[in-house]
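Chains as they are written, first to last, in full-length UniProt numbering: chain A, 1 to 424; chain B, 1 to 424.
Worth flagging that the hints you see were computed from the coordinates, not collected in a lab. Any given hint could turn out to be false.
The list makes no distinction among identical chains, and a pair is therefore deemed to hold if it is satisfied within one copy or across any two copies.
[Said to hold, decoys possible] Here are the simulated SDA-like pairs of lysine to any residue, each with C-alpha atoms no more than 20 Å apart in a straight line:
{"#": "1", "residue 1": "K20", "residue 2": "G89"}
{"#": "2", "residue 1": "K20", "residue 2": "I60"}
{"#": "3", "residue 1": "K144", "residue 2": "E127"}
{"#": "4", "residue 1": "K110", "residue 2": "T61"}
{"#": "5", "residue 1": "K24", "residue 2": "I60"}
{"#": "6", "residue 1": "K144", "residue 2": "E91"}
{"#": "7", "residue 1": "K277", "residue 2": "D194"}
{"#": "8", "residue 1": "K110", "residue 2": "N129"}
{"#": "9", "residue 1": "K20", "residue 2": "S55"}
Protein chains: 2
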Amino acid sequence: MSLVVQKYGGSSVADAEGIKRVAKRIVEAKKRGHQVVVVVSAMGDTTDELIDLASEVSPITSGREYDMLLTAGERISMALLAMSIKSLGHEAQSFTGSQAGVITDSVHNKARIIDVTPGRIQAALDEGNIAIVAGFQGVSQDSKDITTLGRGGSDTTAVALAAALNAEVCEIYTDVDGVFTADPRVVKKARKIDWISFGDMLELASSGSKVLLHRCVEYARRYNIPIHVRSSFSGLPGTWVSNEPRVGDDAMEQALISGVAHDTSEAKVTIVGVPDKPGEAAAIFRTVADAELNIDMVVQNVSAASTGLTDISFTLPRTDGKKAIEALERRKAQIGFDSLRYDDQVAKISLVGAGMKTNPGVTATFFEALSNAGVNIELISTSEIRISVVTRQDDVNEAVRVVHTAFGLDSDSEEAVVYGGTGR
Amino acid sequence: MSLVVQKYGGSSVADAEGIKRVAKRIVEAKKRGHQVVVVVSAMGDTTDELIDLASEVSPITSGREYDMLLTAGERISMALLAMSIKSLGHEAQSFTGSQAGVITDSVHNKARIIDVTPGRIQAALDEGNIAIVAGFQGVSQDSKDITTLGRGGSDTTAVALAAALNAEVCEIYTDVDGVFTADPRVVKKARKIDWISFGDMLELASSGSKVLLHRCVEYARRYNIPIHVRSSFSGLPGTWVSNEPRVGDDAMEQALISGVAHDTSEAKVTIVGVPDKPGEAAAIFRTVADAELNIDMVVQNVSAASTGLTDISFTLPRTDGKKAIEALERRKAQIGFDSLRYDDQVAKISLVGAGMKTNPGVTATFFEALSNAGVNIELISTSEIRISVVTRQDDVNEAVRVVHTAFGLDSDSEEAVVYGGTGR
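With these hints in hand, go ahead and build the complete structure from the sequences.
Structure (structure tokens):
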């Protein structure tokens, strides 16, 4: 009997109606003959409400107790889901992350899974039951304290359980019909992708696509667990993410270009007048690293021969911008630059596709499309299967649309439907 | 260093303000040099809201998943309380029932504590921390499933932890100033009791007093843990419940009468025309027991010599009334009675006090007071330290007041303050 892991996000179980709809979907999978393990997020806004409550009693927004608080949300949704399934005449048992054997390190609020020992889940399945597991949470190996996995944690729980239980597929149910060739809110003619490789999905995720988080896809690739991203509202087939297209599925060929992603959450920092000598870049990025800031794109051009000075730019999450500027200013003398420029009115547009490796025209087509639309390019960064540019934020929607059209990604119709918010 | 267990009910932590007020009170105890273990209920209406949600997705209102759902409430309140204490500069750690070592049987929704292994609590105390424990919940010894302790469960958690940790006292913080000689909502001149014995408190609890539940007091008596019931709002000294008054505390002598309790939640069933022969009562109460009904008072008077028939009356929770009538009707022929009478417009008034054992005038004074007020007595039942009567429900408030006055229990002023709802 094949085993399926299904994950439902917060928007899919936002209220009692949502829970009942999801319960029916789970029972359908069971009736089709699968063993079913379900990972569920907290209902709708529950987590935000808990965070609000916490802010009223304490300025502390991290640590052991914060994790204990936040994990209450999944406890509620998983118990309700199990009860709803039982009322449909099927046996279900719910398990906390700890009970499900999700073992993590001790870094509260963004713990990493280090082992999964799903003995109780396996026992529930062996008895013919459906197992419901709290997403987003685990238990620390050392202290046996409750931990949370941070952003996208429930998806990671699902993939980790799928790997530990040797599942056939990990189905991630969300409020969109799958992964699209661009954000359907920006590009009305975005197409749903039937199949995408782990590699391309990873690039999309790190370029601003929010359907799957990088961490979850990385985990799935490591253990070779196919992910099927689909809507809990429509029930339509969604997007398969795996190493290879499924055998016999003609539609699922490697596309030249998988999609266009964009990201408006970053800011650009430019360090002006850096002496062009060894060790300068190292000093700058050591400073940034010491401040525990995650940077994204880094660009340095050749220096002007006349001055011996160069400019270095990087992008990072806008929320970290102030800290980066402060950290750099403090070491201005040691590093020896002229000045800093900070710009948070930027956007990043990325074209992703393994096909571009063997197709030299891609870069040219990309830049021509932007140029024809009058979009100015401020930074460029490329990998083997991705090209990213930074532009003015005001231009981003137009830029995504023209690039999407230029690479023939437009659908004949406007097929995307967005059903709700996003889970965690 | 002496160890104090404090328990705060749902009304004490109904909102962020309540949590902050309770956090300050806990820190004060710590500053006075105590080791402090705190048991906390779910915030205000949280549990009711979860029950409402459950009723929307499933008709099932019991079992493993229901317990998993309900225990989310304490997880929220205990984490917030720990965070609030930390923001006051003291170290606190929260523990679920399972983490605190509250081991129960496997009877979901009304599990019984069978062992307490508070190793993690002790370790937290040894490190100088305040330990916050979720009330009302435990983990089953056999299946390692989450269980709840049923009504009054948090008080029982507190007493059980106090026993296991050899605490000096178990302080039960609630929304009234202590145990009163009568319900202050009925008797304005009710007096707060400074000290009451376990025995009298047990009788009051089973006679309708709701401040402490029978089960919690029984546990405290078994392990000889003094309970101090007091208000989390006023901070005044409350009522001590223990085996003996504390040495040197003159005010705490055994009173003749501890108090007057009343209960309007019961119904009266009368079985009319029962043959007065051996085995009849047994057949009746076996029938009731088979229907899993808990009966309270049972009264049978001598039979009328002329008929050889007698009447048997009993009281039971009104919510069980219908089941009792149905069960008895089904066995009418076997038992051989004439008819059944059911009356849910009754109330029970009880006078409690160990002093009455040695004071023969108590019963007379009690009945005279009721008679003078025109209150008709329908049933009488007595124990060594309690007299209970059943009257019309319409008469109950007046009956309680006149009895309270007749035994000199009236305070000179109206001292009782009721601050909020009641926790669980």
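Evaluation of the provided hints:
For the identical chains of this complex, K20 and G89 are intra-copy neighbours only, at 13 Å inside a copy versus 45 Å across copies, given an alpha-carbon limit of 20 Å. Within a single copy, K20 and I60 get their C-alpha atoms only as close as 36 Å, which misses the 20 Å cut-off; across copies the closest is 14 Å, which meets it. For the homomeric pair K144 and E127, the shortest alpha-carbon distance between copies (17 Å) is at most 20 Å, but the shortest distance inside one copy (28 Å) is not. For a Cα distance limit of 20 Å, the shortest separation of K110 from T61 inside one copy, 12 Å, qualifies, whereas the shortest one across copies, 35 Å, does not.
In this homomeric assembly, K24 and I60 come within 20 Å of each other (Cα to Cα) only across copies, at 17 Å, whereas the closest approach inside a single copy is 40 Å. Taking the shortest Cα distances, K144 and E91 sit within 20 Å of each other only across copies (18 Å), while inside one copy they are farther apart (29 Å). Taking the closest pair of Cα atoms, K277 and D194 never come within 20 Å of each other, the shortest separation being 49 Å inside a single copy and 83 Å across copies. Taking the shortest alpha-carbon separations for K110 and N129, neither the intra-copy value of 31 Å nor the inter-copy value of 24 Å comes in at or below 20 Å.
With identical chains, the CA atoms of K20 and S55 are at most 20 Å apart between copies only, with a shortest distance of 12 Å across copies and 32 Å within one.
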